[in-house]
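There are 2 protein chains.
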Amino acid sequence: MTVIALLQIDPTVGDIKGNAERISRAASIAHEYGATLAVTPELAMSGYPPRDLLNHSGFVKRCLEQVHELSVDLPLIVGCPIPPETERTRPGNGAVRVIPNRPTRVVTQKQLLPTYDVFDEERYFHSDTKPGILRIVDGQSIGVTICEDAWQHAGLVPNDYPVDPIEQLASFSMEGEALILTVNLSSSPYHAHKQGTRIEVAISAARTLGHPFLLCNQVGGNDDLIFDGRSIVAWPDGKIAQAPAWVEGVMMIDLKSKSAQFVDFKNSEKIGLDIYQHEFESVNTEKDLLEAVTIGLRDYCTKSGLSSVVLGMSGGIDSAVTAAIAARALGPENVVGISMPSRHSSDHSISDAEITAEALGMELLSIPIGSMHDPTEMLLLDEINQGNDIAAENLQSRLRGLLVMGVANARGAMAMATGNKSELAMGYCTLYGDMAGGYAPLGDVWKTEVYALAHMINDEAVENGRKPPISESTLNKPPSAELAPNQIDRDTLPPYEILDEILRLHMEEGLSGEAIAGFTGRDETMIADLLTRFNKNEHKRWQMAPSPRVSARAFGQGWRQPLAARKH
Amino acid sequence: MTVIALLQIDPTVGDIKGNAERISRAASIAHEYGATLAVTPELAMSGYPPRDLLNHSGFVKRCLEQVHELSVDLPLIVGCPIPPETERTRPGNGAVRVIPNRPTRVVTQKQLLPTYDVFDEERYFHSDTKPGILRIVDGQSIGVTICEDAWQHAGLVPNDYPVDPIEQLASFSMEGEALILTVNLSSSPYHAHKQGTRIEVAISAARTLGHPFLLCNQVGGNDDLIFDGRSIVAWPDGKIAQAPAWVEGVMMIDLKSKSAQFVDFKNSEKIGLDIYQHEFESVNTEKDLLEAVTIGLRDYCTKSGLSSVVLGMSGGIDSAVTAAIAARALGPENVVGISMPSRHSSDHSISDAEITAEALGMELLSIPIGSMHDPTEMLLLDEINQGNDIAAENLQSRLRGLLVMGVANARGAMAMATGNKSELAMGYCTLYGDMAGGYAPLGDVWKTEVYALAHMINDEAVENGRKPPISESTLNKPPSAELAPNQIDRDTLPPYEILDEILRLHMEEGLSGEAIAGFTGRDETMIADLLTRFNKNEHKRWQMAPSPRVSARAFGQGWRQPLAARKH
Numbered sequence: 001m002t003v004i005a006l007l008q009i010d011p012t013v014g015d016i017k018g019n020a021e022r023i024s025r026a027a028s029i030a031h032e033y034g035a036t037l038a039v040t041p042e043l044a045m046s047g048y049p050p051r052d053l054l055n056h057s058g059f060v061k062r063c064l065e066q067v068h069e070l071s072v073d074l075p076l077i078v079g080c081p082i083p084p085e086t087e088r089t090r091p092g093n094g095a096v097r098v099i100p101n102r103p104t105r106v107v108t109q110k111q112l113l114p115t116y117d118v119f120d121e122e123r124y125f126h127s128d129t130k131p132g133i134l135r136i137v138d139g140q141s142i143g144v145t146i147c148e149d150a151w152q153h154a155g156l157v158p159n160d161y162p163v164d165p166i167e168q169l170a171s172f173s174m175e176g177e178a179l180i181l182t183v184n185l186s187s188s189p190y191h192a193h194k195q196g197t198r199i200e201v202a203i204s205a206a207r208t209l210g211h212p213f214l215l216c217n218q219v220g221g222n223d224d225l226i227f228d229g230r231s232i233v234a235w236p237d238g239k240i241a242q243a244p245a246w247v248e249g250v251m252m253i254d255l256k257s258k259s260a261q262f263v264d265f266k267n268s269e270k271i272g273l274d275i276y277q278h279e280f281e282s283v284n285t286e287k288d289l290l291e292a293v294t295i296g297l298r299d300y301c302t303k304s305g306l307s308s309v310v311l312g313m314s315g316g317i318d319s320a321v322t323a324a325i326a327a328r329a330l331g332p333e334n335v336v337g338i339s340m341p342s343r344h345s346s347d348h349s350i351s352d353a354e355i356t357a358e359a360l361g362m363e364l365l366s367i368p369i370g371s372m373h374d375p376t377e378m379l380l381l382d383e384i385n386q387g388n389d390i391a392a393e394n395l396q397s398r399l400r401g402l403l404v405m406g407v408a409n410a411r412g413a414m415a416m417a418t419g420n421k422s423e424l425a426m427g428y429c430t431l432y433g434d435m436a437g438g439y440a441p442l443g444d445v446w447k448t449e450v451y452a453l454a455h456m457i458n459d460e461a462v463e464n465g466r467k468p469p470i471s472e473s474t475l476n477k478p479p480s481a482e483l484a485p486n487q488i489d490r491d492t493l494p495p496y497e498i499l500d501e502i503l504r505l506h507m508e509e510g511l512s513g514e515a516i517a518g519f520t521g522r523d524e525t526m527i528a529d530l531l532t533r534f535n536k537n538e539h540k541r542w543q544m545a546p547s548p549r550v551s552a553r554a555f556g557q558g559w560r561q562p563l564a565a566r567k568h
Numbered sequence: 001m002t003v004i005a006l007l008q009i010d011p012t013v014g015d016i017k018g019n020a021e022r023i024s025r026a027a028s029i030a031h032e033y034g035a036t037l038a039v040t041p042e043l044a045m046s047g048y049p050p051r052d053l054l055n056h057s058g059f060v061k062r063c064l065e066q067v068h069e070l071s072v073d074l075p076l077i078v079g080c081p082i083p084p085e086t087e088r089t090r091p092g093n094g095a096v097r098v099i100p101n102r103p104t105r106v107v108t109q110k111q112l113l114p115t116y117d118v119f120d121e122e123r124y125f126h127s128d129t130k131p132g133i134l135r136i137v138d139g140q141s142i143g144v145t146i147c148e149d150a151w152q153h154a155g156l157v158p159n160d161y162p163v164d165p166i167e168q169l170a171s172f173s174m175e176g177e178a179l180i181l182t183v184n185l186s187s188s189p190y191h192a193h194k195q196g197t198r199i200e201v202a203i204s205a206a207r208t209l210g211h212p213f214l215l216c217n218q219v220g221g222n223d224d225l226i227f228d229g230r231s232i233v234a235w236p237d238g239k240i241a242q243a244p245a246w247v248e249g250v251m252m253i254d255l256k257s258k259s260a261q262f263v264d265f266k267n268s269e270k271i272g273l274d275i276y277q278h279e280f281e282s283v284n285t286e287k288d289l290l291e292a293v294t295i296g297l298r299d300y301c302t303k304s305g306l307s308s309v310v311l312g313m314s315g316g317i318d319s320a321v322t323a324a325i326a327a328r329a330l331g332p333e334n335v336v337g338i339s340m341p342s343r344h345s346s347d348h349s350i351s352d353a354e355i356t357a358e359a360l361g362m363e364l365l366s367i368p369i370g371s372m373h374d375p376t377e378m379l380l381l382d383e384i385n386q387g388n389d390i391a392a393e394n395l396q397s398r399l400r401g402l403l404v405m406g407v408a409n410a411r412g413a414m415a416m417a418t419g420n421k422s423e424l425a426m427g428y429c430t431l432y433g434d435m436a437g438g439y440a441p442l443g444d445v446w447k448t449e450v451y452a453l454a455h456m457i458n459d460e461a462v463e464n465g466r467k468p469p470i471s472e473s474t475l476n477k478p479p480s481a482e483l484a485p486n487q488i489d490r491d492t493l494p495p496y497e498i499l500d501e502i503l504r505l506h507m508e509e510g511l512s513g514e515a516i517a518g519f520t521g522r523d524e525t526m527i528a529d530l531l532t533r534f535n536k537n538e539h540k541r542w543q544m545a546p547s548p549r550v551s552a553r554a555f556g557q558g559w560r561q562p563l564a565a566r567k568h
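Chains as they are written, first to last, in our numbering: chain Y, 1 to 568; chain C, 1 to 568.
It should be emphasised that the hints constitute simulated quantities derived from the structure, not laboratory data. Don't take each hint at face value.
Because identical chains cannot be distinguished in the list, a pair is counted as satisfied if it fits within a single copy or across any two copies.
Result set (DSSO-like, lysine-lysine): computed pairs, CA atoms no more than 30 Å apart in a straight line [stated by the list, open to error]: (1) 536 with 61; (2) 17 with 536; (3) 270 with 256; (4) 540 with 61; (5) 17 with 540; (6) 540 with 477; (7) 477 with 536; (8) 239 with 270; (9) 258 with 194; (10) 266 with 256; (11) 239 with 258; (12) 270 with 287; (13) 239 with 194; (14) 270 with 17; (15) 270 with 258.
Next up, chain Y with everything else stripped away, as it sits in the complex (with noise of 0.2 Å):
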């Protein structure tokens, strides 16, 4: 029991035979390399989240007898929903051990269900009341937790558990057998800045646990929800091993050298893991965030059997941005861009994007909109004359996207929106015009965090010797949505730097207004009338499209507040 292997893979929820296929494949590897013990992440045989699947007893039952059916040529723990005791209880989280020749048995099931943010475990699943204890070889037993089970030792979770099951396995090694390692089955998912918070935990439970602490995790996107990998082994003495993020491969971890490998599945590669003490690898946030959304629309297309995207291109940041994260994700072969001028639209509008079609290598095609715009106007002249100007400008955003749904619907693409995390806060944006689209790769990013990643993909261009996409014009220019003549966003909207600030402590803080003047300092008259527009928009966001969930909170059911709650 030196060589323990994670299996770092990027399963497909509800596709039970190809991740039993995934982690088979994963344990071949780690059985060739010489581990003699490999660990998948939480739920590897459904995917995580399951959500409503686990409703459907069949497929709960189906999950685990395809473990049952896992061909393996070392001991295994696999991760994977457990039917539950009677019809009315849950079902379980489980690990499940596969040894070669022998019957498999379930060892524990997660004790701590998270159920905040993303997470909604207690409404799925039964928790259990015991640390999971696995005897592997003769006098040698290891502790196996779940995810969650290892956050409340280090006090991160929001709110506290009753119990600490890092305590418990502790307890047990002091007082019972000890234990030579604890792993962790893990589908913890990434927003900026996590990786540290899942460091610290691995060090605090090894430190208290006395012995290794590994923790394997998914890599991908499934849904949502993106999860970044980098699995973690840590030491009691604080020395820590990560794998690399966003990529699927196994991490090798030799217990006697104190030493870590990783495989990559792509090109079967091992490379040797850096040791660190304490410290750890620091992270670019802007190219982590340009990994995470890159990988949540490429798992969210390839998933649902979508081979190619569609979107409109306006000359502006956003859509420049998405278009090239588009062509990162499935090729610029496979993203169909769409330039839509209208009468208020500038010259540059057009020109930029098409210097950052050209520099992706991506088609662009272009449709003046006047002459579906006039006749339109037309028809809704009465309504138009005598009502509220909005209705005009909503206008040509929805026959723009009408028209990128009509180009997606008959290419068989996705449409995506275009839209980013602080306009879609602020309600601005249209339903069913420029919030169209079956996924918005930013609609979970802040719009300066939009100008970041715009830098972090023009560098990447220029270090490729390729042109930069996205033009000066389109970074330097005044954010416009173009609907009316010489609109700018900052007539109606606060600076980005501003409005990002105080919508980030509101939404994912959960500071009041009152409470943010007195953080900032700003004017409590100008946030009470951004919270108030916030809330007003609810019913935009209870309709938009799936992002991938960068932030530390997002928008979402979870997150989702009464439309009633305007009155508050």
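Add chain C to chain Y, keeping to what the hints say.
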């Protein structure tokens, strides 16, 4: 302590001050009519469901402060969120005692936190560990429970809880001080056939407790949830009385004479309520459903500050029924229909819409879409000719969606989507086309139920001496999207009787295709094809407008299956 008042009110989520006024007003009526104790519904101070407002600690604090400020003439038990004890615990779902000239006191916090179907309470609340006992006057104590607390005892929850608060109270009443009655503060949502189960809960509790059990329920709609009221008193001998459904008012229960009365808010009239033995007044299910969707739409609009609605009227049954519901909810003067014939529209599609609009007394605009349809099709000609036929069909639907939104935006009204649950489930609808709208009154109503509603609406009109709004032609023609020549739903969907049965068994009972085939005797391949299509159209359900939840299980985050589930 002989006359108890149940304040069956309609609070607005987030409107703390407004809810306090409503409670005070109801309590005054209760006092005036001689009540000696009054009880509100669950979370009456915040409205139910408060969802993410509970994550803002300021909101929770303000709710409790508002309870302190209530000025009342009789003892009151108020449902209110309770601030958590530390920053690392969640708030409680509490009952607070208010007695004139004495300090308020938290009596209890909900023990059983439902986390299934429309409920997510583990996400938001900390649970109490002991039952609520409140001494009202010398030697007279009562039990206090909150909604789900009473449901475990009747076995009417999907998963068993480890404790049973009704048994706890019964033990206390046997071993310690005898309780004279137990109250239950509820926000128990409506769904068809639920009335019976709620009565079963009350009778079961009264029987075990050996004293009267009084359940006060919220009435009205908050976002997508609908509450039917129907507050209940049950005696240990199986006698019950029930407040009327769908109206705000005060239910007065005289424990001495075993009688009950109801004072309607609207006319302040006091009516006697019948006392039933075990059985209960039978409910007209269709009439009840009609009230539910009407009140759902009415409260959604009024609580969001919207007074008028716009919808497309095709001459089909869905838009006709939606228009009639809107006329009931908001008055026909606040409903605008738009007839938008295209080259594929039949003559009757226009005349049937006119019959409906005229009978309802609502405005009907006519906007033929040809003049925008032709140039738009020209812009997409190559794409449509070379691509998937669906692009051309969707185009028409989206042009109509755009016009509906245009009129709605111009008039500051809300657009309504007219789709029903059967077609939304199958994806037989167009994103940003007929799915456009802020609310979908029929989004959780099966197509077969839409027909039942149509007959109910016509009967009601005839009873009131008006012309039936749904024409014979609308009722009898085969359902058609009219997006291609001679198209009818039956070309691509099974008959709705069969479709609805299969979908209901899958979505509400969680049965697999195989199990449905076994249960219904229908062809397994046909069922499998339907369920595949159901899964493939998940992305549309992610983006559908809110609907009043009227079925035992509805669409929504809770019941959302991951997109990738299509591989399952």
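Please flag the earlier hints that this structure goes against, numbers listed from lowest up.
none
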